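Novice: Let chain A serve as the given structure and place chain B on it in line with the hints.
2 protein chains.
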Amino acid sequence: MGYKLTILGCHSATPRVNAHPTAQYLEINSRHFLIDCGEGTQRQMRLNKVGFSKINTIFISHLHGDHFFGLIGLISTFGILNREKELHIYGPKGIKEVINIQLKHSKSYVKYKIIFHELNSTESELIFEDEKVKVYTIPLNHRVYTNGFLFKEKEKSRKINISAVKKFKEIDICDYNNLKAGKDFKLDSGDVIENSELTYNPEKPLSYAYCSDTSYKPTIIEMIEGADLLYHESTFLTDKEDLASKTGHSTAKQAATIAKKANVKKLVLGHYSSRYKEVSLFKKEAQEVFKNVSLAETGRVFSSK
Amino acid sequence: MGYKLTILGCHSATPRVNAHPTAQYLEINSRHFLIDCGEGTQRQMRLNKVGFSKINTIFISHLHGDHFFGLIGLISTFGILNREKELHIYGPKGIKEVINIQLKHSKSYVKYKIIFHELNSTESELIFEDEKVKVYTIPLNHRVYTNGFLFKEKEKSRKINISAVKKFKEIDICDYNNLKAGKDFKLDSGDVIENSELTYNPEKPLSYAYCSDTSYKPTIIEMIEGADLLYHESTFLTDKEDLASKTGHSTAKQAATIAKKANVKKLVLGHYSSRYKEVSLFKKEAQEVFKNVSLAETGRVFSSK
Numbered sequence: 029m030g031y032k033l034t035i036l037g038c039h040s041a042t043p044r045v046n047a048h049p050t051a052q053y054l055e056i057n058s059r060h061f062l063i064d065c066g067e068g069t070q071r072q073m074r075l076n077k078v079g080f081s082k083i084n085t086i087f088i089s090h091l092h093g094d095h096f097f098g099l100i101g102l103i104s105t106f107g108i109l110n111r112e113k114e115l116h117i118y119g120p121k122g123i124k125e126v127i128n129i130q131l132k133h134s135k136s137y138v139k140y141k142i143i144f145h146e147l148n149s150t151e152s153e154l155i156f157e158d159e160k161v162k163v164y165t166i167p168l169n170h171r172v173y174t175n176g177f178l179f180k181e182k183e184k185s186r187k188i189n190i191s192a193v194k195k196f197k198e199i200d201i202c203d204y205n206n207l208k209a210g211k212d213f214k215l216d217s218g219d220v221i222e223n224s225e226l227t228y229n230p231e232k233p234l235s236y237a238y239c240s241d242t243s244y245k246p247t248i249i250e251m252i253e254g255a256d257l258l259y260h261e262s263t264f265l266t267d268k269e270d271l272a273s274k275t276g277h278s279t280a281k282q283a284a285t286i287a288k289k290a291n292v293k294k295l296v297l298g299h300y301s302s303r304y305k306e307v308s309l310f311k312k313e314a315q316e317v318f319k320n321v322s323l324a325e326t327g328r329v330f331s332s333k
Numbered sequence: 029m030g031y032k033l034t035i036l037g038c039h040s041a042t043p044r045v046n047a048h049p050t051a052q053y054l055e056i057n058s059r060h061f062l063i064d065c066g067e068g069t070q071r072q073m074r075l076n077k078v079g080f081s082k083i084n085t086i087f088i089s090h091l092h093g094d095h096f097f098g099l100i101g102l103i104s105t106f107g108i109l110n111r112e113k114e115l116h117i118y119g120p121k122g123i124k125e126v127i128n129i130q131l132k133h134s135k136s137y138v139k140y141k142i143i144f145h146e147l148n149s150t151e152s153e154l155i156f157e158d159e160k161v162k163v164y165t166i167p168l169n170h171r172v173y174t175n176g177f178l179f180k181e182k183e184k185s186r187k188i189n190i191s192a193v194k195k196f197k198e199i200d201i202c203d204y205n206n207l208k209a210g211k212d213f214k215l216d217s218g219d220v221i222e223n224s225e226l227t228y229n230p231e232k233p234l235s236y237a238y239c240s241d242t243s244y245k246p247t248i249i250e251m252i253e254g255a256d257l258l259y260h261e262s263t264f265l266t267d268k269e270d271l272a273s274k275t276g277h278s279t280a281k282q283a284a285t286i287a288k289k290a291n292v293k294k295l296v297l298g299h300y301s302s303r304y305k306e307v308s309l310f311k312k313e314a315q316e317v318f319k320n321v322s323l324a325e326t327g328r329v330f331s332s333k
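Sequence order for the protein chains is A and B.
Quick note: the first sequence uses this note's numbering, first residue 29, plus one each step.
Quick note: the second sequence uses this note's numbering, first residue 29, plus one each step.
Please keep in mind that the hints were generated in silico from the structure rather than gathered at the bench.
Hints are not guaranteed to be accurate.
Identical copies look the same in the list; a pair holds intra-copy or inter-copy alike.
Result set (SDA-like, lysine to any residue): computed pairs, CA atoms no more than 20 Å apart in a straight line [stated by the list, open to error]:
#, residue 1, residue 2
1, Lys184, Lys208
2, Lys139, Ala41
3, Lys160, Ile190
4, Lys182, Ile201
Computed from a prediction, not measured in an experiment: that's the story for all the values here.
For reference, chain A alone in the conformation it holds in the complex:
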């Protein structure tokens, strides 16, 4: 339960020896997602012990190379590993053509089914939902059509207060599901025991907001309000605020401003431009606005536990 985010790459533009383009592996409420997939992601998955078979759903924020050039290789590797399970890919319109044209020319039609969910709305949408998790798009401002993604645990069931329940011989283990769902219990005498006497409040559902790449966009604040973890790109520092705006990116200070205004619990920065030799400068700048800041590093894990 809770979340565990593994950074598989967090640098911008070109892959370098120790600077890997964006990819993240998110485990949230027992679900497993890959977010973006720059070149070399599958190697980083192996290095960071991410099980290939765990990935059934991939979210691609936008079609700039540093966010998706590793996707075709991963799809191909799934095929070589004899994958049979369906793979769902959420990404901008065009992603299906990009992948299918490569599969066609390499004559390596994979045996498993790939289901593309092409996105083109500029409004936030609920794009994924199962019994554990909901995922919404966070429309961003970049040079090409780009979405961030908000991952939300669904409301959890109440927890049984065992010592309270044991006081009533009529309450059987078969009744627990009703109690977890919040129902009161009627004793044989006809008396009703209120649910709150028999259960504890459930854990608060957690949420993770992933925002890359984007210029400063305050309209996302409402969407990500109170998120437990926010990844927000910070390609530049304030010294390059104009360049950030021009290229559709953010400064560390702008990322921190979003974090503060959205009242998130924790901010993770990444997508650093290679012009900065010292990434600690990003943290320093952000902390002038918002205290709980961490730097994404390849291999680093952020966990709710």
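Specialist: Coordinates of chain B only, in the frame set by chain A:
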């Protein structure tokens, strides 16, 4: 002068932590070529100090992912590095569509010109020639249309025998080009000095044959006869000869048989299947047929010097 081959990747199928898919950097007679470009090639180029600006010509053998999934990333990186020089790409028909569709969707049209030379002949062709080097295709047998490439230094000019030349005061430094071209020299007296008295024979032109991926194909022997260096894939050992044949690959023994029959100077093996934990077995098997065998390893250099 001569050749220097740097292995940037030599493993088959999927990229793994320490097993990189096929790519080679060849310097031959002052020319610089990239051969195949699996995922992660640009990172291997950086690790092995291959200058990005040296690459003006790329040869892609076939459109299986482990031979070209790194190409779009490299092209994109050239753009980010503000490349202005033309880039020539030789590869199977389809490669232009694969690359252009990705550039289109990422809206990252590069500023330099990419010239695609799409190949579809099943006969050997001269596909590249300048004043230093010729490159021929070596049609191979694989599951998709595949070429190897034969790189040949052009005939070199004769070398001036300085001590012999100095005996004749009429011979000026301006005459050296004629002497290098093999011309005799006429003295003021009318006597003719034969070129062979004034020059040494030039160095023998060197050649490198790259053959990956292919099943055993003896018809290539005539083409690569006497090559100074042969890279021939050996995905399998003889224990999997049937599988090799079925999948369009070769065994180490078959690669060595080609090397022996073609009378090459040296054989380099690669494209090892991950099923073999010990690559030394490939060398051992090949040496039962042909002695001068080396194993490709990422970062290993094979040089004529």
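Novice: If a hint holds in the structure, say so; if it does not, say that too.
Specialist: Results for each hint:
no.	hint	in the structure
1	Lys184 to Lys208	within (9 Å within a copy, 86 Å between copies)
2	Lys139 to Ala41	between (32 Å within a copy, 16 Å between copies)
3	Lys160 to Ile190	neither (24 Å within a copy, 84 Å between copies)
4	Lys182 to Ile201	neither (24 Å within a copy, 86 Å between copies)
Violated hints for the displayed structure, listed by number in ascending order: 3, 4.
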